[in-house]
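Following the hints, complete the assembly by docking chains F and W onto the known chain L.
Residue numbers (my numbering), protein chains in the order written: chain L, 5 to 350; chain F, 4 to 355; chain W, 423 to 927.
Hints are not guaranteed to be accurate.
[As the list claims (entries may be wrong)] What follows is a set of in silico ranges between Cβ atoms, one per label pair, in the way DEER data are often shown:
hint	chain 1	residue 1	chain 2	residue 2	range
1	F	ASN207	W	ASN766	45 to 53 Å
2	L	ILE201	W	SER815	36 to 44 Å
3	F	PRO38	L	ARG48	28 to 36 Å
Just so you know, the hints here were simulated from the structure itself, not pulled from any lab data.
The structure presented is a predicted model; accordingly, all values stated were derived computationally and were not measured.
All residues carry an ideal CB built from backbone N, CA and C; glycine is no exception.
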Amino acid sequence: MQTPSSVQTSPAPEPRRVSFSLKDFVIKFGLLVILAVMIVVFWRLEPAFGSARNMFSILQAVSVTALLALGVTVTLAIGGFDLSIGSTAAMSLMASSYVMVILDLGTLPAIAVCLFLGLAIGFANGMLIVKGRIPDLLATLGMMFLLLGLQLIPTGGRSIAKGMTLPSGGSAQGSFTETFLALGRYRVFDLIPLPVIVMIVAAILLWVFMERSRYGRVLYAIGGNEKATRLAGAPVERYKIAAYMISGGFASVGGMLLAARVGRGDVSSGSSLLLDSVAAALIGFAVLGAKKPNVFGTAIGALFVGTLLNGLTMLNAPYYAQDFVKGLVLVLALLFTFGFASSNHR
Amino acid sequence: MSTTRRHVLTALAGASLASALPFSAARAAGIAGAPGIFGKRQVKIALVRYLSTGDFFQFYLAGVTRQAAALGIDLHVLDSRQDAALQAEMLAQAMNMGVDGIILQHGLTETLKDPAARAVAEGFKVVAFDVNCENPKIPQIEQNDRELARLSLEQAIRDNGEAFKAGYVYVPGIAPLDRRDETWQAVKKKYPKIVEVARWGTMNNPIANSVADQTAAVLRANPDIKMIFAPFDEFAKGVKTAVDEAGLSKQIKIYSADISTPDISAMIEKDSAWSATTATNSAVVGEVCVRSLALLLAGIDPGREVVVPPTLITQAMLAEKGIKNMEELAAKIPQFSRAEVAMAPWIPEPKR
Amino acid sequence: MNSDTVDAVRVRGLTKRFGSTQAVDSVDLDVRRGEVLALMGANGAGKSTLIKILCGVHPADSGTIEIDGRPVAFRSPLEARAAGIHTVHQLINDGVVQQLSVAENLVLDEICRPDGPRMLSRDRIHAQARDIQAILGLDLPLGRAMSELGQAERQLVAIARALSHEPKLLILDEPTSSLSESEASRLFEIIEDLRSRGVAIVYISHRMSDIRRLADRAVVMRDGRWRAEFAAPFDFDAIIHAMIGHSVTDGGRVAVPGGPVAMALRDVVLRPGAEPFDLDLCEGEVVVLTGLIGSGKSELAECLFGTRKPVSGRVLLDDAPYAPRDPGDAIARGVHMAPEDRGNSSLVVDFSVRHNMTLPFLSVFSRLTLVDPERERVAAEKQSGDLGIKCASTDAPIVSLSGGNQQKVVLGRWLLQPCRLLMLDEPFQGVDIGARQDIGRRLRETADGRATLVICTDLEEATEIADRIVVMRDFSIVGSHSIEGISLDRLVHQMTSVKSATTLA
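Pulled out of the complex, with its shape left as it was, chain L reads as follows:
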């Protein structure tokens, strides 16, 4: 495209700068443009796609995934990874059911137990990584399997439902409270689902924390250069443990919302959460050319996946086509992030 300039002394010719900024634009806004194009295309093909109700359906569908993805973003920011978020959410789902259905306790104890478990799991992950010196991926993989089994032990492997027979022989007396179910089902103004509001508030708080507070800055610094951050005086170990606790906490909130939506301690719910949320966080790398884990990008990434799946479902695409397209988007987003990024340097 660029013709070699014959005049040695001429400054950088104008077209060069224009093409350069176009590339910048693509890296920065490419994914957002594609999201917009996607929405328009789906809308044209299926007018029902664009209704306000469907938009909130999409948001509701991604709210749990997005919460988990936000948590994993924090661990990605410190250069780690949390593979246990899916099973932490499932743990929280089973724990809330157990507290309400089997122990017959109320809403607040259920929420307290879930949050405590989420933070405790995060703390355990952090200790395994920091004190046990196990690489992040492996420690959280171990934790994932551990939780998958642990959550089934109290019920002998069965789903928790009202009136179920207990291993001890009696039947469960409690049930999900209306207040707890409302967490997943209530719609503000009969339109906006509560989980959507929880997700948006959580995303905004986390964005402020990561992008504006000094704690977030140090977390990113650890991800960029852990040694340098330690030598700059930051208590790196404590930050890392905190990052995994945030991740566990977000996952447990996601699990609670899921429990409220499902209304039963269902052992198979939440099995797809891990991969979907990791995909959302990775797609987020490419949003606004961040090239790193970031909260806004993760939120957009979750929305991207949700929009795609909702639209394809409306167009009657089978589920395997949806998985294929999800993978395609992820690969393209990673190309935006890494492929373009490296060719941008010399």
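Just chains F and W, lined up with the frame of chain L:
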């Protein structure tokens, strides 16, 4: 870059549209002489699934698809792949799409109850297969599990008399198994000389394998068992393996529920212990679901419960008619291939 | 005689452009057989790019390269190597594979050759590796993993590997930057031997002592262009003038007398068996700690920064006992340190200049834990201005800066807040002379009210900034000299404990 991506998306959207085409193009103007909206325009329905993998569910979808095609219905399949929350969201999405009717196929009562009630309140016609939405306006399509167990057990009594030692494979907490269990308890009460000397069972995957291991131990402890009731074909497969390995296939008879091609092969083996099973053809259930919904959409009440009757299948029947697989079973045993349920003159029967 | 002076490599009109930067601008260069050509220039002068073109990493935009009179155009480093051009790069960790053994690294080219042997026997590799070691007279543990070796040893492995190919043109990029004095002098002997055997050598270094010892000719680049050529014996003032456009001011240095003692070390033992020593670091005084590699300089600094514990002894900060748990504790007590190897130990590569600077002091710029970007910017820009950091803005990514400017950012970071003791470990590594002078000047300007300890192996660098030079050997302090009337011979003697033959004076 973005152009190629858009191309890919358009192509994919096109591909998915094309797969929907056979239905939508079939009869866009409606069926002549049919009541309600069927006489006026094409009807659009959604099948919102919770379970979808395995023979049973493939046959079910085939039944839904061909009955929908026969009625010229535009069918959308939303598949949540055993994700309860996703199924609720897909139900909402089906409503957003503006379908006329919805079939809920399996799922969790706790999860579906509220959104299903909302759908009914907003004027959508809803039928449910094998999931209780606790809503009087939602007809329940069921395969009758109690009837299923009854037919198998009656055959067992015909074969073995009213006094024998029995083994029973059961895992509590699974709804259809619990319903089949009720019948077993009733039969034991009615015939006190039928003695359950052992009970076992597991849902550990692979189920048949785990059950076989358990059965081997049970048979060593109770060599005098004459009959084993295994009301789930995966259980029966495992039991048969253990019986064969113990060399007891001539002493013991197995009675079960459900059917598939591998089950048929196991039953027709020489000296097979697997004597009889009772099953509902899931493809027929699929057809019945669509027909029930069609009746509802036409303003005709199909009834609070629509029961698809099960069929007893014995070793002797299979041998006599030379049946080796599901297709032959459907072709040669008419009551297995169609059910006189939720019929109407204006509803064409599908090509099978 | 005549054949000795034939050009091995002849470069004409070589030009390379990156975006809007003219990295190399119509450069002519001849390297003769049997000579050491010093390629000199400040950071960013275009040396690295020129080298990368010569060894096939980048294609040239225009211009020609001839080897032994035949024109060549390399498409890959492999082709350049096949033509006899071998390079030892400055970033030594790019040139060795940490996970492999020393022997495997020595014969790496053989292992990686596309037509190389399919099966590798350990004995054969070790036999070849021993031959290659012998070229440099090395005796490294062949079976050990590369990652267990020190920087200097890794450097030697990379050099030995390049020499094993009997190169026509050998390019050495800052080869002595992490070598000890004795290792360096062994390398010099080998280079002299290669020269006598007719190899053409391009030698890049900031160290005038290396160049004085080795080079036959020196070519100076600035802003991507050829600027001047010098023949030995060199006029270093003129060379420096050509490099940076103005000459070094070396008006006879006067030591600033130290104020009250800020940090006092008493009977400190750094490792078991080492001699105990005392050290006083006074306010207003710049102390340079020097010594060979492995003499314990960095270890001393680490003890004061909380990343290492001394075996025994007392440390007093303003007369109070001082034993920091970790760097955070040290910083809270007013002890700041810029560690060695800024890329790995100081800088967060994906952060901007400003965020890199403020990292340890974020709480100072925060209200209710939220960082105030305006206060942060003002502080960073003041440091940037005071240190003369050349960057588009403090928002620029740190990686867009040259090495010297990156080092200024590190110094700026630790000057953001007042402290009792400021330590800089090898602050001049890979820093051009202009930036070096800026750093030294700023260090001096801000020295009042705190003690300053600079770790520096290069004595020319040391004498530039020090009020006092403290010499370490074998993890203990063996000498302390005021800069006034200092005898470098004596310093070198103390460092090596043998009469040094190298002429540093």
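- Query: Does the Cβ distance between PRO38 of chain F and ARG48 of chain L fall inside 28 to 36 Å?
  - Reply: 35 Å, holds
- Item | Range hint 45 to 53 Å (beta carbons of ASN207 of chain F and ASN766 of chain W) holds or violated | 51 Å, holds
- Task: With 36 to 44 Å as the target window, see if ILE201 of chain L and SER815 of chain W comply at their CB atoms.
- Result: Taking Cβ atoms as reference, ILE201 of chain L and SER815 of chain W lie about 39 Å apart, which means the hint holds.
In this structure, none of the earlier numbered hints is contradicted; all agree with it.
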